[in-house]
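A.B. asks: Quick note on my numbering: the sequence shown kicks off at 34 and runs consecutively.
Hints were generated in silico from the structure; no laboratory data involved. No experiment lies behind these values; they were computed from the predicted model shown. Some hints here could point you the wrong way.
[Claimed, not checked] Mimicking EDC-like on lysine to aspartate or glutamate, the simulated pairs with C-alpha atoms at most 16 Å apart in a straight line are: (1) LYS841 to GLU800; (2) LYS772 to ASP739; (3) LYS772 to ASP740.
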Amino acid sequence: MPATILKTKLYIPPARPNMVSRPQLTEHIEAGLHRKLTLISAPPGFGKTTLLSEWIRSRDADPALPPLTVAWLSLDEADNDPVRFWTYAISALNGAQPALGSDALDLLMEPQSPPIEDILALLINAGADLPHKTVLVLDDYHLIQTDAIHSKLTFLVDHMPPQMHLMLTSRTDPPLPLTRLRVRNQLTELRNHDLRFSNAEAAVFLNQMMGLNLSAQDMAALERRTEGWIAGLQLAALSMRGRDDTEGFVRAFTGSHRYVIDYLAEEVLARQPDHVRNFLLHTSILNRLCSPLCDAVLGGDGPPAQEILEQLEQENLFLIPLDDNRRWYRYHHLFADFLRETLQQTLSAEEIAAIHRRAGNWHAQNKLATEAIYHLLAAGDVERAIHFIERSIITLLAVSEVTTISNWLGALEPEVIRARPRLSLAQGWVQIIKNQWDTVEPWLLDAEAGLEKIDPDRPESWQGWTADEIQGLRGEAVAMRAIMYGVTGNPHKSVELCEQALSILPKHSPIARSIILMTLGTAYEATGDLSRAAQSHTQAINLSRENNFLVITFTSMNNLAQLKTGQGLLHETAQIHRQGMALSQQRYDETGRHYPMARWNYLEMAELHREWNNFDEAKRYLTRGLELDRQIGGGEGLAYLILARILQAEGDNAGAMDAIEQSKTVVRGPQALPWALAVQARLWLAQGNVPAAAQWAQNANLPTGDDIPYIQFPGEYGILARVLVAQEQFEQAAALLQKMQAAAETPLRAGRLIEVLMLQALLHQAEGRPDAALEPLVGALKIGQAGGYVRLFADEGPPMAALLRLVKSRGMAPHPAYVDQLLAAIERETAASARAQTAPGANAQLIEPLSNRELEVLQRVAEGLSNREIAERLYITVG
Numbered sequence: 034m035p036a037t038i039l040k041t042k043l044y045i046p047p048a049r050p051n052m053v054s055r056p057q058l059t060e061h062i063e064a065g066l067h068r069k070l071t072l073i074s075a076p077p078g079f080g081k082t083t084l085l086s087e088w089i090r091s092r093d094a095d096p097a098l099p100p101l102t103v104a105w106l107s108l109d110e111a112d113n114d115p116v117r118f119w120t121y122a123i124s125a126l127n128g129a130q131p132a133l134g135s136d137a138l139d140l141l142m143e144p145q146s147p148p149i150e151d152i153l154a155l156l157i158n159a160g161a162d163l164p165h166k167t168v169l170v171l172d173d174y175h176l177i178q179t180d181a182i183h184s185k186l187t188f189l190v191d192h193m194p195p196q197m198h199l200m201l202t203s204r205t206d207p208p209l210p211l212t213r214l215r216v217r218n219q220l221t222e223l224r225n226h227d228l229r230f231s232n233a234e235a236a237v238f239l240n241q242m243m244g245l246n247l248s249a250q251d252m253a254a255l256e257r258r259t260e261g262w263i264a265g266l267q268l269a270a271l272s273m274r275g276r277d278d279t280e281g282f283v284r285a286f287t288g289s290h291r292y293v294i295d296y297l298a299e300e301v302l303a304r305q306p307d308h309v310r311n312f313l314l315h316t317s318i319l320n321r322l323c324s325p326l327c328d329a330v331l332g333g334d335g336p337p338a339q340e341i342l343e344q345l346e347q348e349n350l351f352l353i354p355l356d357d358n359r360r361w362y363r364y365h366h367l368f369a370d371f372l373r374e375t376l377q378q379t380l381s382a383e384e385i386a387a388i389h390r391r392a393g394n395w396h397a398q399n400k401l402a403t404e405a406i407y408h409l410l411a412a413g414d415v416e417r418a419i420h421f422i423e424r425s426i427i428t429l430l431a432v433s434e435v436t437t438i439s440n441w442l443g444a445l446e447p448e449v450i451r452a453r454p455r456l457s458l459a460q461g462w463v464q465i466i467k468n469q470w471d472t473v474e475p476w477l478l479d480a481e482a483g484l485e486k487i488d489p490d491r492p493e494s495w496q497g498w499t500a501d502e503i504q505g506l507r508g509e510a511v512a513m514r515a516i517m518y519g520v521t522g523n524p525h526k527s528v529e530l531c532e533q534a535l536s537i538l539p540k541h542s543p544i545a546r547s548i549i550l551m552t553l554g555t556a557y558e559a560t561g562d563l564s565r566a567a568q569s570h571t572q573a574i575n576l577s578r579e580n581n582f583l584v585i586t587f588t589s590m591n592n593l594a595q596l597k598t599g600q601g602l603l604h605e606t607a608q609i610h611r612q613g614m615a616l617s618q619q620r621y622d623e624t625g626r627h628y629p630m631a632r633w634n635y636l637e638m639a640e641l642h643r644e645w646n647n648f649d650e651a652k653r654y655l656t657r658g659l660e661l662d663r664q665i666g667g668g669e670g671l672a673y674l675i676l677a678r679i680l681q682a683e684g685d686n687a688g689a690m691d692a693i694e695q696s697k698t699v700v701r702g703p704q705a706l707p708w709a710l711a712v713q714a715r716l717w718l719a720q721g722n723v724p725a726a727a728q729w730a731q732n733a734n735l736p737t738g739d740d741i742p743y744i745q746f747p748g749e750y751g752i753l754a755r756v757l758v759a760q761e762q763f764e765q766a767a768a769l770l771q772k773m774q775a776a777a778e779t780p781l782r783a784g785r786l787i788e789v790l791m792l793q794a795l796l797h798q799a800e801g802r803p804d805a806a807l808e809p810l811v812g813a814l815k816i817g818q819a820g821g822y823v824r825l826f827a828d829e830g831p832p833m834a835a836l837l838r839l840v841k842s843r844g845m846a847p848h849p850a851y852v853d854q855l856l857a858a859i860e861r862e863t864a865a866s867a868r869a870q871t872a873p874g875a876n877a878q879l880i881e882p883l884s885n886r887e888l889e890v891l892q893r894v895a896e897g898l899s900n901r902e903i904a905e906r907l908y909i910t911v912g
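Sequences and hints are given; from them, build the entire structure.
C.D. replies: Shown next as C-alpha cells:
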C-alpha cells in the first residue's frame, strides 16, 4: 500500500449500537450480489452509509452466508484526481484482499504508468482468480465529477468477473450506463423511497433510540412531514429534547427540505453550550477530525477536543467515527455543509483564514502536505503553500498525481509560477508526462530565466532554497533541455547537455541523475557512440538500483539489452535479462511480489532461446513470463507470436497459423496488428502460398523510395524482400536490399545486417547465381556465429541448406561446426514438416509441451504492446 494513503479513508464505518435494524433492505442488498453493481442513490440524510454498515455487520454475524470480502473507500473532493482515485480504490481492494491489486498499484506508481484501462485489465484478471466474492464500496460517489474517472469505472463494471461486485452510495445518479445495466439485470437499486423510514421504523427510532415519548399520532405526523427522511427525523428528535410542548413542535414542523435543514440545524446548534457551538463551527473546515488537530484549530480555547468529540458521538450529533479506535471522525456531510455556511455568516474572512492557517500548520507539522496545502491556500497564505507545493512536486510526480499538481498550480497566478523556477519546471514535467511537447518550451524558458536571476552571492534571491537545491534545479532545467533536444532530433546537443547536467547536479540527487544517465544512454545510441551508450545505461542501472528506483533500473536494463541485441550480441543480451529476473526474484523474496516489468525479461528470454533453437527452454521462459503477465497484462499478443514461430519450426504450420490468428484478436494499437499480419505473411511464404503473401505486401504499402524507414520497420522490410524474391522480382528485391544494407551497416545494427546479407545470398541463389551468394552468406555466418543465431538461418529451410552445403564444400565456412549445427536444425525441421503432412492428428500432439494451464494463460492476458515495441524488443532485434 502506498505510504501516502490515508488509511482512515479505507476503514469501514462501524455499525452504531442503537441503529434501527432494517433486515428487508440488507436482504435486498444480499440478493443483488450476483449482479455487477449496487447503487444506493438518495438525497443526503437517508442513511445510505449506515445501511451498508448494517449489512456488513449482519452478514458477518450469519455463518450460513457464503464468505465475502468488503473493501471500503470514503470519497472526498480531492479524489477527483484520476491517479489519486484509482490509487485509493485499488489500495482499498488490496488492503481487504491482498491477492488483489498489488501489481496494479506497482504500475500505477510508475512515473509514466500505462493507461488506466491496462491497469484495470490487470486488476480484472487478478479478480477472476479470487476464491470468493469481493465487494468494493465507493461511499459518497457524488463527489466525483471527473469524466475520466466515470469512463474507467464503466470499463471496470463492464469487464469485472463474477467474483467482483461494486457498490456506490451517491446523492445523485452517477453518469454510468445504468439503463443498459438495468436491461441486462446487472443493477440492484435502492432509492429514497426504499430508504425512508416506515411508520414502525420511525416509531422505533424516535421513542426507543432517541428516548422520546411521542404519541402514535405525533410520530405518524412527524413521519408524514419528513416523508421518512432519516436525517430530518434525527434533527427533529434532537430539537425536541428538553421540550415540553412536543405536540406543538410537531404541528409547526413543515416546509421544504432546505428550510427544514436550516431550521432544525439552527435549533440544534443554538441549544449547544457555547464551547460546543464554537467547536462545531471552527472544526467544520476539516474533512477529517482527530483531537490533536481540533485542539490546534481551536488554539487551546475551551475543553480538550477529545472530551467534546466523545460527547458529540454520545449525543448522535452527526459525528461519524472512521476507525474502531475512535481516533478519527468526520461530520455528516449535510451537517458539515450547514456548519460551514453558518461559519461564513458568523466569522469574518480574516477569522476564517486564521482557522485555516492553524489547520495548515498542524498538517504541515504532521507531514500531511496535501492537506496542509489545501488549508494554506484557503487561508490566503500563498507563500507558505508554495513552500509545500515546491517540496511535494517530485514526490507526486513519481506517483503520477499530475492532476493534483495541476490543481495546485492552477490555484496560483501565472506570474507567480513564471517567477519561481521550481514551479515552472513542475509545469514542464507535467506537460512531458502528458506528452504535450509543444507546451513544454515556454515553461522551460521561464525556469531558465528565473534561474539566471538567482545570484549565488545574494541569498535573498534564492527563494528559500539552499545552494545545493539551487544546483539541483539548474541541473533539472538542463536535463529537461537535453530531453527536448533528444525529442527534436539533435542527439549530439542532448549528449552535451546531459553531461552538463551531471556536472551541475549534486551527488545526492539520485532520481534526477538516474533519469539523466538513462537519457544520456539513449542520446549516445542515436549518435552511434555505443560504448558510451552502454556505459551510461549501466550507470543508470547501478545508481537507480542502489536507491531502489526500480522503474529506472528495469527501463535502463531493457535499453541496454536492446543495444546489445542490435549489435548481434545475444549472449550479452541474455545476461542482462538474467540480472533483471534475479532482481525481480529478490524483490519477491522480500515483498512477496515480482516487479511488473520483469515479465519482459522472461518473454525476451523465451525469444532468445527460440532463436538459439532451444525450444524447451523457450517454452519454459514463455510460460513463466505469462504467469507474471497474467497478473500485469500486456504480453499476450507477443506470446502468441513467439509460440507461432516455435510451432512453425516444429512443423506444425496449422498450429502456428492458429496462434497468429489468436494474436490478431488480442493486439491493440495502430501498429500492433500490422506486425502480426507481417508474421502471418512470413508463414504463408514458408507454406508456399506466395499469392497470399503478395497480397499482404500490397496491403502493407511500405515505402520503397530512396529514403526507406528500414530502422523503424526492419521486420516488415525483411518479409517484403522475401516476397519479392518469391515473386521473382529480382531487380526490385536487389534495390530494396541495397537500401536496407546501407541502413544496417553500422555497429548498432549488426544484428540487422545478418538478415540483410543472408537475404542477398538467397536472392542470388534464386537468380541462378550460387557463386555470387557465397560472399554475403559468409559475412552473415561470421556475425551470426558470435551471437549463436540458428533460427534466422534455419527458418529459410531447404534453400538455405543448399547454400550452407555449398559454402562447406568450397571450404569457405568461417566456422564449420556452426554450419553443421545450422544444417542439422534445418534437416530436423524438414523432417518434422514431412511428418506433419503425412500423419493425421499430428498437429495436436506437437503442441503438447504447453500445458492446458499455460494455454489458458495465453488466452487470458490482455495485450498492450505496440508493434514497434514488439519488433524492437524481440522479433526484429533478434532476427
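A.B. asks: Now look at each hint and say whether the structure bears it out.
C.D. replies: Cross-check of the supplied hints:
With a CA separation close to 21 Å, the supplied pair LYS841 and GLU800 exceeds the 16 Å bound. Between LYS772 and ASP739, the direct Cα distance comes to roughly 7 Å. Compliance with the 16 Å bound is thereby established for this hinted pair. The hinted pair formed by LYS772 and ASP740 meets the criterion: a straight-line CA distance of about 8 Å does not exceed 16 Å.
The structure fails hint 1 only (numbered hints given earlier).
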